[in-house]
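S.K.: Residue-level listing of the chains:
There are 6 protein chains.
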Amino acid sequence: MKRDDGRTLNQLRKIKVTPNFIKHAEGSVLIECGETKVICNATVNENVPPFLRGKGTGWITAEYSMLPRATEDRNMRESVKGKLSGRTMEIQRLIGRSLRACIDLEQLGERTVILDCDVIQADGGTRTTSITGAYIALEIAIKKLLKEKKIKENPLKSQIAAISVGINKGQVMLDLKYTEDSTAEVDMNVIMNDKGELIEIQGTGEEATFTREELNQMLNVAEEGLKQIFELQKKYVEEAF
Amino acid sequence: MKRDDGRTLNQLRKIKVTPNFIKHAEGSVLIECGETKVICNATVNENVPPFLRGKGTGWITAEYSMLPRATEDRNMRESVKGKLSGRTMEIQRLIGRSLRACIDLEQLGERTVILDCDVIQADGGTRTTSITGAYIALEIAIKKLLKEKKIKENPLKSQIAAISVGINKGQVMLDLKYTEDSTAEVDMNVIMNDKGELIEIQGTGEEATFTREELNQMLNVAEEGLKQIFELQKKYVEEAF
Amino acid sequence: MKRDDGRTLNQLRKIKVTPNFIKHAEGSVLIECGETKVICNATVNENVPPFLRGKGTGWITAEYSMLPRATEDRNMRESVKGKLSGRTMEIQRLIGRSLRACIDLEQLGERTVILDCDVIQADGGTRTTSITGAYIALEIAIKKLLKEKKIKENPLKSQIAAISVGINKGQVMLDLKYTEDSTAEVDMNVIMNDKGELIEIQGTGEEATFTREELNQMLNVAEEGLKQIFELQKKYVEEAF
Amino acid sequence: MKRDDGRTLNQLRKIKVTPNFIKHAEGSVLIECGETKVICNATVNENVPPFLRGKGTGWITAEYSMLPRATEDRNMRESVKGKLSGRTMEIQRLIGRSLRACIDLEQLGERTVILDCDVIQADGGTRTTSITGAYIALEIAIKKLLKEKKIKENPLKSQIAAISVGINKGQVMLDLKYTEDSTAEVDMNVIMNDKGELIEIQGTGEEATFTREELNQMLNVAEEGLKQIFELQKKYVEEAF
Amino acid sequence: MKRDDGRTLNQLRKIKVTPNFIKHAEGSVLIECGETKVICNATVNENVPPFLRGKGTGWITAEYSMLPRATEDRNMRESVKGKLSGRTMEIQRLIGRSLRACIDLEQLGERTVILDCDVIQADGGTRTTSITGAYIALEIAIKKLLKEKKIKENPLKSQIAAISVGINKGQVMLDLKYTEDSTAEVDMNVIMNDKGELIEIQGTGEEATFTREELNQMLNVAEEGLKQIFELQKKYVEEAF
Amino acid sequence: MKRDDGRTLNQLRKIKVTPNFIKHAEGSVLIECGETKVICNATVNENVPPFLRGKGTGWITAEYSMLPRATEDRNMRESVKGKLSGRTMEIQRLIGRSLRACIDLEQLGERTVILDCDVIQADGGTRTTSITGAYIALEIAIKKLLKEKKIKENPLKSQIAAISVGINKGQVMLDLKYTEDSTAEVDMNVIMNDKGELIEIQGTGEEATFTREELNQMLNVAEEGLKQIFELQKKYVEEAF
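Chains as they are written, first to last, in my numbering: chain P, 1 to 241; chain Y, 1 to 241; chain S, 1 to 241; chain V, 1 to 241; chain R, 1 to 241; chain Z, 1 to 241.
Hints were generated in silico from the structure; no laboratory data involved.
Hints should not be assumed to be uniformly reliable.
When chains are identical, the list treats them as one kind, so a pair holds in a single copy or across two.
[Stated by the list, open to error] Cross-link-like lysine-lysine pairs, in silico, DSS-like; alpha carbons within 30 Å at most:
1) K23 with K235
2) K83 with K23
3) K55 with K169
4) K227 with K14
5) K81 with K55
Construct the entire structure; sequences and hints are all you get.
M.R.: Have a look at this one:
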């Protein structure tokens, strides 16, 4: 079975990364997965949130947002509404939690890295694209800290990437674009590291349900996709320097 | 290995349900899982949110909150802060999404069921306890609608329940209480129906990671626990009438 | 004349108190006045608000809230609205002010007691029930501080309790339940101590007015009711230990 | 005993009213009670709040605010804080409730009168001064509606005025200015109509308590003061035309 | 051509200033320009905002607000809306910026002057009237600081005043009242000092545009009007002492 | 005198425009003025705000925002703060007002064009760059409406563009970058149309002042710069099709 855009069921969309996209950020990329485009900026602050002060450990946090016209219909800005939506909070908590799993926070030292993921164009998979891009921005920022001798040893323990996988009309399908995602029966986000370990899985079937066997099929397909993404991340971090 | 409270690794805490706890609600229970206590109230409104008006379909939504002193240290009220935390939004979205998976919204008709889950005492597993209790409150409310002939056929397609499972000091462990949960390497919430199908899984290892094999072990243990919970739900719904 | 529920005009509803209701709080009761049920938790914090720092004096404050389905119709949560209603603020200011009148704040020392009054079921008189219950929670918390030798002398100067009294169809009536309260011409809340002194009175006749003579009749009836409540408070504090 | 400003214990401060103070409002006065100055504007809107639509009845509501520098120390604006304080809400609810007690809302017809009370200089008694002034602004607005034949019969049933009374150093004292109010043991606001009936009483002794006898003494003094105020209100309404 | 109120095209409205209007403020005036009435209060605080601490320099800031019934139709309070409008923020930023241009902030010392401009009646030109009045309130406050020897040298470098000028039906017109302003093609606010230097100009033609020549005509007319205002400011500052 | 970046005093920075930057928007450009980069998206909605309904006229409005890391130091998101800053409101009101001056709103018909200007990298002149880019996005969107025959005649009356000009160390200087802008004595934004008419001027000297002569010099320089920008706008609109 071929998909709308000619991909096979377990084929990724084309990934393109523009490193050093914004000049002010310590780490910055524009990541494009098919038509989904996200600016990922890593900011290094030489302090930590109050609950960590004086504990000799660093922190990684993330913020996620969409431009109003990233989507087919224009969305009202959250700054105009005066508050973040539940969806935004859920996504940025997921990004932060995932990225914290690839780093030794004590080796990072008493500093915070804020990962801003701003979706400028959306076509499905914005949260997984954000995680994959945020990792690259983070690694660029960390390499600069190493060069500037602000940290001695690389605190990164592994690469992190994320991909969506789902069941659409009964078929297990990798890296769903918007039209596939919005009609899927089951939708799962898989975050892994390059050692083949799971960081987080979130699988949900709002109208449908899924079996243990289907879960395993989805994880198999996701794992294969993520292996390719880890290679691309390596390549783009090198390009940044 | 025995746990603090004498349980074996795959043993549930004692579950106690007081049906018809609050007199005004269409469905109401106080559910206690060990020392975790949640009031679950189902409110039936004879209208639907704007995005569903005139579509001949109903809606299920949920709200979650904790009393300030449900926890060891007092938490500031979200009404005083002026906004819901990301954690609250994430949990109430999960409860609503899970409960929608057990019901035929068209058969429910153009009405909304709001499931209020208010934690009055917390000791780990408040979100899974909320889902398990909310299902009972929902079934009680639905049975009343059937009795009052407001709906003709039972729209419930299956029972829904949830349980937490994790890895603590390398051991897979069921139904973690607070002291176990806060020191766990991996924390997973499993929501299933009584047909043995998965509704949602959320697994995360903030500092640690987990393998596919560990994932499978956790799911096995969760599945066994949930079977016992489905029996208890049946019993308590009967008690309500 | 008999009332709906069989009571005489100057008869209290049945009061039931469950001490030590929530395990985490320093003082905790579930108080039931007829069908009105309020969880009153006292939290002791070892600090004071900024305006009192370094002045060698303590503070008592209160917060009041209702579960959405405490009432016949569901109320939107104030955390969802993003702000406290005027009614809530008025009530929690009253509770705090009343409780501060029974204690020597200097003897309390530089600590704050927060009294959380959460109405889980409402049937009239929620603010007076909250004050009566909050006093018990406070006395339990104070007795624990005395036992732990954190304070040397009992700072409590008197017991405090509150009751509603009103005029309904021309009749002075004690302890109004919701159906009586919502049709009353005059509604008054009387807060007194067990020495027979007034702490606060708030009397209002939104559509009607009342004479000095009616005011005196209402105060007489309230005073008699409060005497009985002071006896019950004594009994339930003893039960807590 | 003479007071700071030479008044006797049961003597009012000088009251001065400038009718038609703001040209746009349907009723407008600047009321000065000693050094307390409040602009009271009545706005007549030809509609009612949603809960009253189609019920053939009108509504009276009030808003209260202070200029930042109405007080000795500057207060932050509530518009800057982003919310009304509990004190503001309590006061404006009291003003609205009191004014509704003097009018037949059905005779008013389906229209709303909003009474804006803006304190431009404060020296104690701002809420009672607001009620006394708001009544005059309301009567002016009502007289205009009668002249314009928008309403046929005068819906006002009585005059309404308010005064503060308290116990300071053991002495019952009328119309407290700020220095007296801030050191008073007992503080009471009495709202009455010109038939000698009580509309609302609010008495509180934050640190102290008061007896039934003291309550009666305070009410006697307040009643005498209010008689004088009713005469002044009459005079100033006439002046407005 | 004569205008509605009989003025010639380049004639100011009558300006009246009541110095020392509010007793608590360090500087206070009621300024009336025709039917526009603004209370301008200067508050001196012996501290500076965080961004200036320890830099040996002072600060001037402004807040602007309108009473709800300052206008023909009642406006909702910004404190009720929970936020300041864009218009309010724009105006108060302009007032603060303008006043900072007339003072040597280092000579002011580490203190802040807050200029509260509260419009009690509006008839066009509220922002320019606010600036003109705020200057007088500021100068009164500064003179008091000099008298009290809190500052040694007068930090004021020049007088500041503002006026509106516009093009209405093709005619350049000075000091527009509301009916003229709301139908003007071009609307400009000119802030100058008494040395004839420009502090700020803001000219806008929402529907229309304007030429360089028209700009110059407007500036000429504004300059003449401002010369008269500087004389009035001098007179009213003297009157204050 | 040469500037930091080698430009002469009256030389523009290099302007680059990428038309059709975001696929979902009706009109979209990425505009770069030197290192300042802004995404300008035009959204066409087939309705108008409430105050214009049924009046046969359209509306143009604008929103402005900066990514947190558009600047050297990271700024907190306005969605996280819960409100728009005064600066943001001032800028987006200016953009909307300016763009409305180039269009016949009746010919636009009952539809709204929202111009979203999102600064992804800032180096001075973000508001003027936004206006210049927003015009191009608007013209692209209008041309599509004409092609789709949704409107018959072109409602655009002229081109609109904006540029900053200032006085830095006594020198009149065009198109200031951040380091020049932050040290300028006088800062002015000039918005004109391609007929040489002024739409809006905003000139301010926070610490300094400026003379009528300096104003004229600044306007001369701005006018010359804007002529070049109008040519570039024409070229890029053509490129979009």
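S.K.: Now tell me if each hint is right for this structure.
M.R.: Hint-by-hint comparison with the structure:
1. K23 with K235: both (20 Å within a copy, 28 Å between copies)
2. K83 with K23: both (29 Å within a copy, 27 Å between copies)
3. K55 with K169: between (51 Å within a copy, 23 Å between copies)
4. K227 with K14: within (14 Å within a copy, 42 Å between copies)
5. K81 with K55: Answer is between; shortest inter-copy Cα gap is 27 Å, intra-copy 37 Å.
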